[in-house]
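Chemist: So you can see what is in the structure, the chains are spelled out below.
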Amino acid sequence: MDDYTWKDKEYLKERMEYTGIHPQKFALWLAMASMTMFFAALTSALIVKKADFQTWENFKLPTVFLYSTICIISVSVVLHLSLVNYRKANFTAFRLLLFAGFVLGTAFLGLQLLGWNELKEMGMPLAGNLSGAFIYLITSAHGFHIAVGLLFLLIFLFFAIRSRKDPIYELKNIANPKRQFNLELLVSFWHYIDIVWIYLYVFFYLNY
Amino acid sequence: MHSAEINVNTDLHAHGHDHGHDHAHGHDDHHHEETWIQKYIFSTDHKMIGKQFLITGMFWGIVGGLLSVLFRLQLGWPNETFPFLETFLGRWAEGGKISNEFYLSLVTMHGTILVFFVLTGGLSGTFANLLIPYQLGIRDMASGFMNMLSYWFFFAASVVMLSSFFIQTGPASGGWTAYPPINGIKDIALNKGSGLGFDLWALAMTLFVVSSLLGGLNYVATILNMRTKGMTMMKMPLTIWAFMFTAVLGILSFPALLAGVSLLEFDRLLGTSFYLNDIIINGNLLDYKGGSPILYQHLFWFLGHPEVYIIILPAMGIVSEVLSVHARKPIFGYRAMVISIMAIVIIAFLVWAHHMFVTGMNPNLGAVFVLFTLLIAVPSAIKVFNWIGTIWKGSIRLNTPMLFAIGFVSFFISGGLTGIMLGNSAIDIQLHDTYFVVAHFHIVMGVAAFCGMFAGVYHWFPRFYGRFMNETLGLIHFWITLIGAYAIFFPMHFMTGLPRRYFSFANFETFNNFNNLTEFISVAAIVVFFAQLVFIVNFFYSIFKGRKLEGEYNNPWGGTTLEWTAPVERLHGNWPGEIPTVYRWPYDYSVNGRSFIPQDEPLEPGEVEHK
Ligand code: HEM
Ligand SMILES: [Cu+2]
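Just so you know, the protein sequences line up as chains Y and F, in that order.
Quick note on our numbering: the first sequence kicks off at 90 and runs consecutively.
Quick note on our numbering: the second sequence kicks off at 57 and runs consecutively.
Quick caveat, the hints were computed from the structure, so don't treat them as lab data.
Check before you lean on any hint, since a few could be wrong.
What the hints assert, rightly or not - Derived, one-sided and incomplete: chain Y residues facing chain F with beta-carbon distance under 7 Å:
| no. | residue |
| --- | --- |
| 1 | F115 |
| 2 | A130 |
| 3 | L215 |
Claimed, not checked - Here are the simulated DSS-like pairs of lysine-lysine, each with C-alpha atoms no more than 25 Å apart in a straight line:
| no. | chain 1 | residue 1 | chain 2 | residue 2 |
| --- | --- | --- | --- | --- |
| 4 | F | K95 | F | K604 |
| 5 | F | K604 | Y | K138 |
| 6 | F | K345 | Y | K209 |
Backbone N, C-alpha and C fix where the C-beta goes; we use that ideal spot for every residue, glycine too.
Please put together the full structure from these sequences, using the hints given.
Modeler: Dropping the structure here:
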């Protein structure tokens, strides 16, 4: 089977110039459509429930959620800068920013936990009124996506830091479009879950 | 988009050995030998993954079918005992009689397994994987790694689902639709199947959804972005259209199931009351306030109805292909077929509440759903018309794949007609949750989709194994299945008022007159089950001992599509040399005085391209 070579790369290049997109990036967009349906299902469940439930209790959103919103926006900014630096082959800045993104992302999860705590203290435990339960439900569903994002970030970080002193590795980085492409996918994913949170925050804000 | 962002060197061809470590150099210069594990277990090759889905699907098919034989024993002979059942099932069948609770587990798991693990995972997973790259002239899926994960999530889901048979309280028993409140409270004193069994069900379904999403993203991305030169959308075989829209349906509807099940698990494990309200058990009022089980039904059926099309569309695609090839005629109304598929996909999202006519919904809202439900019959009917048009006056070869394809059309018509009856809310209120519904969906979905799947297996078996399946065994399999399946499900239409999911009707005087009929159905069900074993035997026998394809020429049916231009031998990358370029549509049968013209043959001078 080895007389076979991947000479069709030329052809694929042509294909992509035609469709203008890498198929894996396209797959990520489809995944975003799917995740959007997931959050749409959850939030429409809230709307339906709110409409038919007599004893729905409104309350003021935990203030922590405002901070977590700021936090996650900064994750997006930091990761974007990290990608920019990677493209410019500033690997030190890239690594630092990637690390900052990881820390901020983890902080976001911590803030969400504080938010839950605040909810509980204002008399809205998980198993209490449905209005509160929806917040726990939706934030944990979103938090799960964040956790997955953090996992991939960690893997990236691991490879970025592991061989930082190795000049050949740095060279390979410059010459390796696959890594840059994967980084682009990862950063896009983070932008996406960032936007989802902003949507959720506004949604909560309007409904509570 | 600027070309700086388009990285051709990235891993489009997903070699077995790419696990995320860095390759600075391209792939050309290093071809490792694949290890056995890379080749057969953790393969990223679409052909191997397709076969993995097929074999796993066949395993589940046997398990799911066997479960139905068990509950048919109870239904057909409610007063008999079968001591061998106790030997196998232990306390689930004490004294040789299946227990009431286990009966409910059996129907629940039968439905779940057949709907999701066989007719979704098994059917789409198999044929989308085997055919998309081959029919479109592609080396492999957009991401081989994701494709591999898709199978292994399916496998994990299978392990979890299967494990629920071996726990103390038994598998889930609240129906394949998993309605609350019965499934919403984790109380085994109330119902054993609502214990750990249900949590395993939910976990398995979550893994399953992840699997089908990973697969679906890949299929759509591959179809839209990676087709070979000349393969415009309107030159794609109908199989591909079907797989693509199946995947789109899944991508957009499975999340609703995940959402529904998440709320359910919150209720079960964390004490919320999304679906529960004022539940009284043994005189005690439980602490749940404000939820509504109807909310679950909306979330479930928002997936549930598209799901039935996720099952039937791939079968429709396969059947379109098989009918055209074996009737030696171009498909009738290609464009109408494509538009019908699109129409079905759109309307499929707008009809879910026809499963909920009796939930006390506003009749005006119900009327809207009646309207859309009846509308969906239109594209379905167009497709039926075109299939008949395709074989009309064709030079039909009545071999096994063709017979199963014709069987599909027959079942789809029979079951579609009862669908139109059910779609009218005024009629459905009488028929809901009776055996009439059971008859409807088994014929239109269950049996029809199986026929499509068998047509596909018999048709493409020579392509993927280099040998034919045994024709005599195939014919035996077909005729018993056709006659047997009608014998099982046709009488159910006339068992008026008989409620589904009942363990026994002994306490209902009125239903005594169906006793002979239920017994007859049970006999037929057992016969049909054993006929499927003929298929399994034929399948494995033929892999090793079947009649071989002869010579270089490996296009036994005279098909036009690209999969027949690739060697049978399993190559990484499918074609040893260049990928063929496409010049014509996929249905040039009996034209220009020739039996068929392959898609990669340039147009003759002066020949007009089919539009
Ligand atoms: C002609 C178009 C069709 C119409 C108008 C239609 C209508 C309906 C209606 C109204 C019901 C609800 C019955 C009830 O529970 O009271 C139903 C049930 C069902 N239909 Fe159809 N149907 C059609 C085609 C199909 C197709 C093509 C499939 C699958 C491939 C399918 C699969 C099912 C299933 C699985 C159920 C029962 C689910 C359950 O309750 O367990 N139907 N159909
Ligand atoms: Cu439906």
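Chemist: State for each hint whether it applies.
Modeler: Hint check results:
1. The criterion of a C-beta within 7 Å of any C-beta in chain F is met by F115/Y, whose closest approach is roughly 4 Å, and the hint holds.
2. At a threshold of 7 Å, the smallest CB-CB gap from A130/Y to chain F is about 4 Å, leaving the interface hint in force.
3. Against a cut-off of 7 Å between C-beta atoms, the interface hint on L215/Y holds, since the closest Cβ of chain F lies about 6 Å away.
4. The hinted pair formed by K95/F and K604/F meets the criterion: a straight-line CA distance of about 23 Å does not exceed 25 Å.
5. Among the hinted pairs, K604/F with K138/Y is inconsistent with the structure: their alpha-carbon atoms are about 62 Å apart, more than 25 Å.
6. Restraint check for K345/F and K209/Y: the C-alpha separation of about 18 Å stays at or below 25 Å, so the hint holds.
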